[in-house]
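**Student:** Protein chains in written order, with full-length UniProt numbering: chain B, 1 to 298; chain F, 1 to 298; chain L, 1 to 298.
These are computed hints drawn from the structure, not numbers from a lab.
Check before you lean on any hint, since a few could be wrong.
Copies of the same chain look alike in the list, so a pair counts if it works inside one copy or between any two.
Cross-link-like lysine to aspartate or glutamate pairs, in silico, DMTMM-like; alpha carbons within 25 Å at most [said to hold, decoys possible]: (1) Lys118 <-> Glu240; (2) Lys104 <-> Asp250; (3) Lys192 <-> Asp250; (4) Lys285 <-> Asp266; (5) Lys91 <-> Glu273; (6) Lys128 <-> Glu240; (7) Lys290 <-> Asp250; (8) Lys91 <-> Asp232; (9) Lys118 <-> Asp90; (10) Lys262 <-> Asp275; (11) Lys262 <-> Asp193; (12) Lys221 <-> Glu240.
Just so we're clear, the structure is a prediction, and the values are computed from it rather than from any experiment.
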Amino acid sequence: MKMALRACLRTKPGLTGLLSQLSCSGHAAARRAPALVAQRSSSSTSQKIKVDFDQSSGVAVMHMQSPPVNSLSLEFLTDVCIALEKLEMDKSCRGLVVTSSQPKVFSAGLDILDMYGKSPEHCAEFWKAVQEMWLKFYGSNMITIAAVNGSSPAGGCLLSMTCDYRIMADNPRYSIGLNETKLGIVAPFWFKDTMVNTVGHRATEMALQLGLLYSPAEALKIGLVDQLVHEDQVLTTATETMTKWLAIPDHARQLTKSMMRKPTIDKLAANREADVNNFVNFITKDSIQKSLGMYLEM
Amino acid sequence: MKMALRACLRTKPGLTGLLSQLSCSGHAAARRAPALVAQRSSSSTSQKIKVDFDQSSGVAVMHMQSPPVNSLSLEFLTDVCIALEKLEMDKSCRGLVVTSSQPKVFSAGLDILDMYGKSPEHCAEFWKAVQEMWLKFYGSNMITIAAVNGSSPAGGCLLSMTCDYRIMADNPRYSIGLNETKLGIVAPFWFKDTMVNTVGHRATEMALQLGLLYSPAEALKIGLVDQLVHEDQVLTTATETMTKWLAIPDHARQLTKSMMRKPTIDKLAANREADVNNFVNFITKDSIQKSLGMYLEM
Amino acid sequence: MKMALRACLRTKPGLTGLLSQLSCSGHAAARRAPALVAQRSSSSTSQKIKVDFDQSSGVAVMHMQSPPVNSLSLEFLTDVCIALEKLEMDKSCRGLVVTSSQPKVFSAGLDILDMYGKSPEHCAEFWKAVQEMWLKFYGSNMITIAAVNGSSPAGGCLLSMTCDYRIMADNPRYSIGLNETKLGIVAPFWFKDTMVNTVGHRATEMALQLGLLYSPAEALKIGLVDQLVHEDQVLTTATETMTKWLAIPDHARQLTKSMMRKPTIDKLAANREADVNNFVNFITKDSIQKSLGMYLEM
Chain B
1 MKMALRACLR
11 TKPGLTGLLS
21 QLSCSGHAAA
31 RRAPALVAQR
41 SSSSTSQKIK
51 VDFDQSSGVA
61 VMHMQSPPVN
71 SLSLEFLTDV
81 CIALEKLEMD
91 KSCRGLVVTS
101 SQPKVFSAGL
111 DILDMYGKSP
121 EHCAEFWKAV
131 QEMWLKFYGS
141 NMITIAAVNG
151 SSPAGGCLLS
161 MTCDYRIMAD
171 NPRYSIGLNE
181 TKLGIVAPFW
191 FKDTMVNTVG
201 HRATEMALQL
211 GLLYSPAEAL
221 KIGLVDQLVH
231 EDQVLTTATE
241 TMTKWLAIPD
251 HARQLTKSMM
261 RKPTIDKLAA
271 NREADVNNFV
281 NFITKDSIQK
291 SLGMYLEM
Chain F
1 MKMALRACLR
11 TKPGLTGLLS
21 QLSCSGHAAA
31 RRAPALVAQR
41 SSSSTSQKIK
51 VDFDQSSGVA
61 VMHMQSPPVN
71 SLSLEFLTDV
81 CIALEKLEMD
91 KSCRGLVVTS
101 SQPKVFSAGL
111 DILDMYGKSP
121 EHCAEFWKAV
131 QEMWLKFYGS
141 NMITIAAVNG
151 SSPAGGCLLS
161 MTCDYRIMAD
171 NPRYSIGLNE
181 TKLGIVAPFW
191 FKDTMVNTVG
201 HRATEMALQL
211 GLLYSPAEAL
221 KIGLVDQLVH
231 EDQVLTTATE
241 TMTKWLAIPD
251 HARQLTKSMM
261 RKPTIDKLAA
271 NREADVNNFV
281 NFITKDSIQK
291 SLGMYLEM
Chain L
1 MKMALRACLR
11 TKPGLTGLLS
21 QLSCSGHAAA
31 RRAPALVAQR
41 SSSSTSQKIK
51 VDFDQSSGVA
61 VMHMQSPPVN
71 SLSLEFLTDV
81 CIALEKLEMD
91 KSCRGLVVTS
101 SQPKVFSAGL
111 DILDMYGKSP
121 EHCAEFWKAV
131 QEMWLKFYGS
141 NMITIAAVNG
151 SSPAGGCLLS
161 MTCDYRIMAD
171 NPRYSIGLNE
181 TKLGIVAPFW
191 FKDTMVNTVG
201 HRATEMALQL
211 GLLYSPAEAL
221 KIGLVDQLVH
231 EDQVLTTATE
241 TMTKWLAIPD
251 HARQLTKSMM
261 RKPTIDKLAA
271 NREADVNNFV
281 NFITKDSIQK
291 SLGMYLEM
């Protein structure tokens, strides 16, 4: 979450480290430019997401290219969901690799600008888009592989965890994790459920309470990512790995994936509205808005 | 599952490897002989299963000796269940070691011949026997130790996972796993539940989606087996390990085992009929039967 | 549990090892002295528990000093709960370290003297106190760190598992685990749930069935403790670790902790009375009382 990266002034303790990380990714600087917001338009799909679909292999690669750090804004999330839906409906598309075109970052997470100074209605729409992204990716019939070629905090980590397999760049300057608490906010239950399904109950309890960001080596050790390769090899390894997954008959694989994930998906699907209300009530609190505002002014 | 090993022609990708494995286990060759089916009779209990019960130690050893690869046919499953029930009712029998008398294989899994060209009624009866085997083993009051002295795909892996402890022969030519998807079929929810209870959610998700067969070393690493020993030592190690388990008062151990497994057992117990119907509907589909037939003709 | 350490004569197999462990902790010898019981009084809080609260750091240290082995008696449990409640209500107290002032033992577990020759009413009151301790610790809003500076069987292991983080003395003579079955008794479902949340389903199944006591190194390997340090460093490491946890905003950390633990806590909260009845029915059985009596006479 950019929210996670920017949000609350109450979060001094871990902030210095995070900020230095931010500036190293060029994010803080770029985000300050109002121009970025102005660039948004409903026709930006082709700008912010590039999808290469290789008909012969049945594999698509989704390049996230929303400068500077692939923040998950309402607009970007909408574009991602539309792109995913198109691929999902194309029966010839069996596999999807998700990666970043931005240097040093996979995705910095949710966009704070969709939470600050916005109407409750806007915040609700934003949160529905976050839910939609998760529901679509976690429940995708396609084989999904995250080519995590940079840092992946909060919502970026969530996105990678929705995939069937995670390959991360073996660069110790990158990190991955759900670091919400460090910023004074709480990962919702379905972020938590996704992490429990990935690394188990105990590792999740530690990770979420401490808002841990793991180095690639640590992430591999607890199972938050499945494989580390040199930075230059992330995408090619993802493509090679895909071959192994494509060898499995789709129908059987899809039913199996659904059997594993359906209970977790159903939990959010049955509670979307309450979850939206929770988020809106939290984010529109004066204290939280004030914190967001002070942070943005910095 | 022999079904898993033979079933669908749609499964070309992984099949070559599996077939070579089959021929090395002598299975494919032997199974082609119709004589095998003819050998079946209701009095074959003593032929296909040998139970050695040592009254002094309270430990029985069940040798599966159904050539060539201990396929779990309706007949064999029935024999296994009857043998298990007898031991279960004998209060002097506290522990059971399950092993194979066939070379190189523990059990190749469910028998395709009970699924091909059979009436829905037969298929239903067969599936009830698979359920019965699982219910009896997973819920056994005895200490159960699997002495996995050979390959153990699909139903063979399931059988070993129902036990309290798994010792496998440290021979890299052997493998173990639920490889159903590789053959275009899907492990039912209770196979999945058993694996989740054994290796956790994430490892199960990978294993089941990819239909992974693990080498003994890999199986040990993810916790699919508990111990590796030299091929010659599997049975003696099982007996030695049993001593440790026998040191625990039966009543406390049984209540503890039940506490751990009852929720999983109750799930199938409450859904046996629906699960049978699912299986019969799937297996009697023209497309599946055709695939089975073509494979058998090969 | 001292119960676990003393209880049933049916438990010969593992008992020798346990008894030698007991005598090494000075427990068996000291416990034989009836004087210990006589020392009990309702005003002993300050005697059996010493709480050092450092207002400047917001961290309290609870020293358990109930000779000889910090047995969890009704009285001691009550004192612990009162002390915890006071700290919980003090908003300036954000973290709690639990440790032992007794040599070689963290806590030996539940006190058999509260289960032997007592009225059903007394046993019920005792069990409610055990539940209360677990509910208060597992649901604490404070950061809780167990400084496990000695052996920690049964109830002692449970207490440490309720904490957010466990640091154990790296002394191979110490051990930790839920060893109830070895003594012919069964860990209740909420002991089991706590362990599953800590080390997963499979490790718990093995640990509980076999009543395993782990060496510090083994405990670290399965995740039963989080860190090993030299005996002299346990408490200082706990304090240093606390600093990392204090860096997280309380509100976010508390909500996250509750999200992880609430379902487990709710299970007992909704079934306290049935759980008390189960315990009382079991412990007041003639056969169990006889075993307890014979053991105490030894």
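**Student:** Work down the list of hints and note, for each, if the structure agrees.
**Tutor:** Here is what the structure says about each hint:
1. Taking the shortest Cα distances, Lys118 and Glu240 never come within 25 Å of each other, neither inside one copy (44 Å) nor across copies (41 Å).
2. For a Cα distance limit of 25 Å, the shortest separation of Lys104 from Asp250 qualifies neither inside one copy, at 34 Å, nor across copies, at 31 Å.
3. With identical chains, the CA atoms of Lys192 and Asp250 are at most 25 Å apart between copies only, with a shortest distance of 18 Å across copies and 28 Å within one.
4. In this assembly of identical chains, Lys285 and Asp266 lie within 25 Å of each other by CA distance neither inside one copy nor across copies; the values are 29 Å within and 29 Å between.
5. Taking the closest pair of Cα atoms, Lys91 and Glu273 never come within 25 Å of each other, the shortest separation being 31 Å inside a single copy and 34 Å across copies.
6. Neither within a single protomer nor between protomers do Lys128 and Glu240 lie at most 25 Å apart by alpha-carbon distance, with minima of 34 Å and 41 Å respectively.
7. For the identical chains of this complex, Lys290 and Asp250 are inter-copy neighbours only, at 18 Å across copies versus 49 Å inside a copy, given an alpha-carbon limit of 25 Å.
8. Taking identical chains as interchangeable, the C-alpha atoms of Lys91 and Asp232 are never at most 25 Å apart, the minima being 31 Å within one chain and 51 Å between chains.
9. Taking CA atoms no more than 25 Å apart as the test, Lys118 paired with Asp90 passes in neither setting, with 36 Å inside one copy and 37 Å between copies.
10. For a Cα distance limit of 25 Å, the shortest separation of Lys262 from Asp275 qualifies both inside one copy, at 18 Å, and across copies, at 17 Å.
11. Taking the closest pair of Cα atoms, Lys262 and Asp193 come within 25 Å of each other both inside a single copy (12 Å) and across two copies (14 Å).
12. Taking CA atoms no more than 25 Å apart as the test, Lys221 paired with Glu240 passes in both settings, with 22 Å inside one copy and 24 Å between copies.
The structure shown violates the earlier hints numbered 1, 2, 4, 5, 6, 8, 9.
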